[in-house]
Amino acid sequence: MSPADASRPKLAVFKFSSCDGCQLGLLSLEDELLALAGAVEIAYFLEATRRTVKGPYDVALVEGSITTAHDAKRIQTVRRQSKVLISIGACATAGGIQALKNFADHKAFIEAVYARPEYIETLSTSTAIADHVPVDFELRGCPVNKYQVLEVLSAFLNNRKPNLPRHSECIECKRRGTVCVMVAHGTPCLGPVTQAGCGNLCPTQTRGCYGCFGPKEGPNTRALADWMTGEMGLSPRAVGQAFRGFNAGADAFREESERHVPAHDQG
Amino acid sequence: MSRRTIKVEALARVEGEGALDIKLRDGKVKDLKFIIFEPPRFFEAFLQGRPYSDVPDITARICGICPVAYMMGAAQALEAAFGAKVEGPLDDLRRLVYCGEWIESHVLHVAMLHAPDFLGLNDSIELARANPAVVETALRLKKLGNAILETIGGRAVHPVNLKVGGFYRVPTQGEIQALIPELEWAQQAAAGLVRLVAGFDFPDLEQDYTFLALTHPGEYAIHRGTLATNRGHAFPIDAFHERVVEQHVAHSNALHAVFKHDDGREGLFKVGPLARHAINFEQYSKTVRQLAAEAGVGPVVTNPYKSIIVRALENLQALEDALALARAYKEPPRPDVPLTPKAGHGQGCTEAPRGICHHTYETDRDGTITKAVIVPPTAQNQKIIEDDLLKVVENNLHLDDAALTWRCEQTIRNYDPCISCATHFLKLSIDRGA
Numbered sequence: 001m002s003p004a005d006a007s008r009p010k011l012a013v014f015k016f017s018s019c020d021g022c023q024l025g026l027l028s029l030e031d032e033l034l035a036l037a038g039a040v041e042i043a044y045f046l047e048a049t050r051r052t053v054k055g056p057y058d059v060a061l062v063e064g065s066i067t068t069a070h071d072a073k074r075i076q077t078v079r080r081q082s083k084v085l086i087s088i089g090a091c092a093t094a095g096g097i098q099a100l101k102n103f104a105d106h107k108a109f110i111e112a113v114y115a116r117p118e119y120i121e122t123l124s125t126s127t128a129i130a131d132h133v134p135v136d137f138e139l140r141g142c143p144v145n146k147y148q149v150l151e152v153l154s155a156f157l158n159n160r161k162p163n164l165p166r167h168s169e170c171i172e173c174k175r176r177g178t179v180c181v182m183v184a185h186g187t188p189c190l191g192p193v194t195q196a197g198c199g200n201l202c203p204t205q206t207r208g209c210y211g212c213f214g215p216k217e218g219p220n221t222r223a224l225a226d227w228m229t230g231e232m233g234l235s236p237r238a239v240g241q242a243f244r245g246f247n248a249g250a251d252a253f254r255e256e257s258e259r260h261v262p263a264h265d266q267g
Numbered sequence: 268m269s270r271r272t273i274k275v276e277a278l279a280r281v282e283g284e285g286a287l288d289i290k291l292r293d294g295k296v297k298d299l300k301f302i303i304f305e306p307p308r309f310f311e312a313f314l315q316g317r318p319y320s321d322v323p324d325i326t327a328r329i330c331g332i333c334p335v336a337y338m339m340g341a342a343q344a345l346e347a348a349f350g351a352k353v354e355g356p357l358d359d360l361r362r363l364v365y366c367g368e369w370i371e372s373h374v375l376h377v378a379m380l381h382a383p384d385f386l387g388l389n390d391s392i393e394l395a396r397a398n399p400a401v402v403e404t405a406l407r408l409k410k411l412g413n414a415i416l417e418t419i420g421g422r423a424v425h426p427v428n429l430k431v432g433g434f435y436r437v438p439t440q441g442e443i444q445a446l447i448p449e450l451e452w453a454q455q456a457a458a459g460l461v462r463l464v465a466g467f468d469f470p471d472l473e474q475d476y477t478f479l480a481l482t483h484p485g486e487y488a489i490h491r492g493t494l495a496t497n498r499g500h501a502f503p504i505d506a507f508h509e510r511v512v513e514q515h516v517a518h519s520n521a522l523h524a525v526f527k528h529d530d531g532r533e534g535l536f537k538v539g540p541l542a543r544h545a546i547n548f549e550q551y552s553k554t555v556r557q558l559a560a561e562a563g564v565g566p567v568v569t570n571p572y573k574s575i576i577v578r579a580l581e582n583l584q585a586l587e588d589a590l591a592l593a594r595a596y597k598e599p600p601r602p603d604v605p606l607t608p609k610a611g612h613g614q615g616c617t618e619a620p621r622g623i624c625h626h627t628y629e630t631d632r633d634g635t636i637t638k639a640v641i642v643p644p645t646a647q648n649q650k651i652i653e654d655d656l657l658k659v660v661e662n663n664l665h666l667d668d669a670a671l672t673w674r675c676e677q678t679i680r681n682y683d684p685c686i687s688c689a690t691h692f693l694k695l696s697i698d699r700g701a
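From first to last, the protein sequence lines are chains A and B. Counted the way this note's numbering counts, the first sequence spans residues 1 to 267. Counted the way this note's numbering counts, the second sequence spans residues 268 to 701.
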């Protein structure tokens with residue numbers, strides 16, 4: 001520990017059920033990482049260091065969803081140790097892709113993967129961090145945009161509000177002059193109801209948005225779903241599955257998917 | 268009776284959550300378990316009932332470090348199910364994006380996760396204080412790997428532009444050519460990384476491994492080929508399940524795998540850099556083979572700690588290949604091959620940075636997934652990791668608890684284990700029974 005550590009804010013990164021891709025965002029800040037490590041004390045970040053410093057922590061980034069009784073207890077400890085708790089990524093903000101099990105027969109899921117299901121201990125649901133403890137900020141994305149991670153950290157460390165867009169991905173296409181894939185090619189796209197932030201990725205690759213950043217504020221999912229089933233001729237199952245992706249557990253997407261595919265059917 | 272207990276709450280610098288439980292009695296290991304307690308995420312179950320076109324995007328989420336491996340294995344398996352084949356320039360573009368993932372993942376592991384162990388440092392930030400140039404160069408190399416992923420895939424973690432049949436959009440020649448100057452710089456930088464890690468002190472451990480890797484006559488196999496071992500086995504990827512058998516054991520949320528020999532005997536085996544190096548040494552470029560000789564590394568490496576050198580060699584190979592592919596790139600006329608979904612069965616297998624990753628799918632008439640089986644590299648390596656640890660503990664009982672614990676962690680990190688993949692933090696507990 002360097003002498004300056006006493007005065008620097010302590011940053012902790014915690015992982016729950018996830019793919020590690022969001023915390024990797026921090027390590028992928030190649031141009032900023034060393035400066036960041038100078039500005040804050042990396043007090044707990046297991047993916048990057050075996051050195052751990054006891055809490056309390058000034059800012060905690062939490063990746064992953066809650067899927068076990070053990071983790072449901074552990075997040076309470078993390079909350080008690082953290083002045084500011086920011087959940088990062090679709091797993092932490094909506095339960096992630098593993099929230100598909102919330103729609104399914106949990107026992108059948110375990111039996112599909114494991115020969116000895118009696119060895120597996122999990123909850124029947126995958127839920128967001130905010131379902132368990134108060135969260136100071138939720139950063140969306142599957143994965144998060146690493147520059148948004150930097151912006152949120154910078155904002156909380158400087159006692160200001162993060163400057164992040166809340167508008168739809170649709171607006172991003174208009175701003176960048178990206179051709180609308182739905183209008184021009186008839187490709188189904190969740191852009192009208194999905195929060196911006198990815199960097200306008202899918203439409204620029206001529207594919208439809210698949211909702212990595214979750215629902216925007218006040219999304220009109222019903223109008224979009226009606227357009228997909230009506231004008232575009234998609235089956236109810238296809239529309240239901242479109243909303244049942246990486247943010248399947250986000251309320252607006254979950255409710256829309258259940259209008260088209262019954263809750264007990266994960267497909 | 269002499270009893271000794273060591274307990275470590277968290278194994279760091281690995282992807283995912285795991286633990287190690289060691290009980291020692293009278294200087295002997297009584298019990299040793301490499302435990303994966305990353306919560307299971309049931310990918311194979313989610314995939315049932317989804318359209319084939321969703322599969323690469325969903326399997327990508329198994330691992331944030333090696334999403335391309337999961338996307339490409341899935342895509343190839345489904346192409347096989349539908350009788351389609353991606354070849355020529357589109358396949359070259361697949362190899363190029365996969366090289367980006369190898370570079371990003373290998374440099375991250377070599378310089379930032381594994382090298383600190385050999386220098387007695389906690390992490391790459393301490394390494395950056397001790398030797399800023401090394402970390403700055405590594406970060407620049409890693410950034411280049413990510414730039415390749417972003418140029419072709421749209422983003423580095425969970426790329427959006429890979430699909431069954433090829434790509435949604437192919438990059439322009441200008442976009443790929445923009446990578447060339449940095450790729451030219453990287454060749455010497457990557458050779459420097461090999462020389463740096465070759466100078467480390469390596470703990471003693473020699474193991475007579477059975478290696479399993481993908482092999483291809485014309486290239487250092489990454490994304491295509493057939494399977495081979497150093498014991499003379501050679502078989503197509505479709506015969507994988509006849510040779511690699513998964514078992515479910517109580518202490519792990521990952522499935523353990525064993526290799527089935529011709530006489531039916533089930534044995535330990537190893538996938539990953541050392542396996543590829545042993546089986547595909549002849550497919551390295553002349554430069555990489557010369558550098559291996561200079562680093563004192565022969566065609567077969569039996570000391571698992573030297574995997575750090577092999578990863579650095581593979582990183583150079585990936586950078587050479589990427590440069591050649593970028594220079595030769597011309598925009599293919601179409602981004603994908605036509606597909607006709609049908610009821611079928613297909614398998615796909617590629618070399619994730621940690622070793623072979625095998626996929627099997629069954630589809631119904633309209634291409635909906637009816638069955639999915641995915642065998643990730645860390646699940647295959649779990650038993651051999653335990654075997655390495657057993658020997659490390661027995662050979663190093665003279666070390667104090669802190670040093671022995673660190674040695675065990677370093678041993679696990681030899682595998683660059685992706686526990687997220689294997690299901691996903693390591694908690695190390697050594698009970699010496701004291």
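Be careful, since some hints might not be right.
To spell it out: a stretch of chain B is covered by chain A in this simulated footprint if at least three of its residues, at any positions, have a beta carbon under 8 Å from a beta carbon of chain A; those stretches are [claimed, not checked]:
1) 311-324
2) 404-417
3) 439-449
Think about it this way: if two alpha-carbon atoms lie no more than 20 Å apart in a straight line, the pair counts; the simulated SDA-like pairs of lysine to any residue are [stated by the list, open to error]:
4) B:553 <-> B:482
5) B:410 <-> A:132
6) B:410 <-> A:80
Everything labelled a hint here was simulated from the structure, so no lab data went into it. Quick reminder that beta carbons are idealized off the backbone N, C-alpha and C, glycines included.
So, going through the hints one by one against the coordinates:
1. 311-324: Three-residue rule met by the segment 311-324 of chain B, so holds; n is 9.
2. 404-417: Contact hint for the segment 404-417 of chain B vs chain A: holds, 5 residues under 8 Å.
3. 439-449: Three-residue rule not met by the segment 439-449 of chain B, so violated; n is 0.
4. B:553 <-> B:482: Answer holds: residue 553 of chain B to residue 482 of chain B is near 18 Å, not above 20 Å.
5. B:410 <-> A:132: 36 Å, violated
6. B:410 <-> A:80: Outside the cut-off at roughly 36 Å; violated.
Checked against the numbered hints given earlier, the structure breaks hints 3, 5 and 6 and satisfies all the rest.
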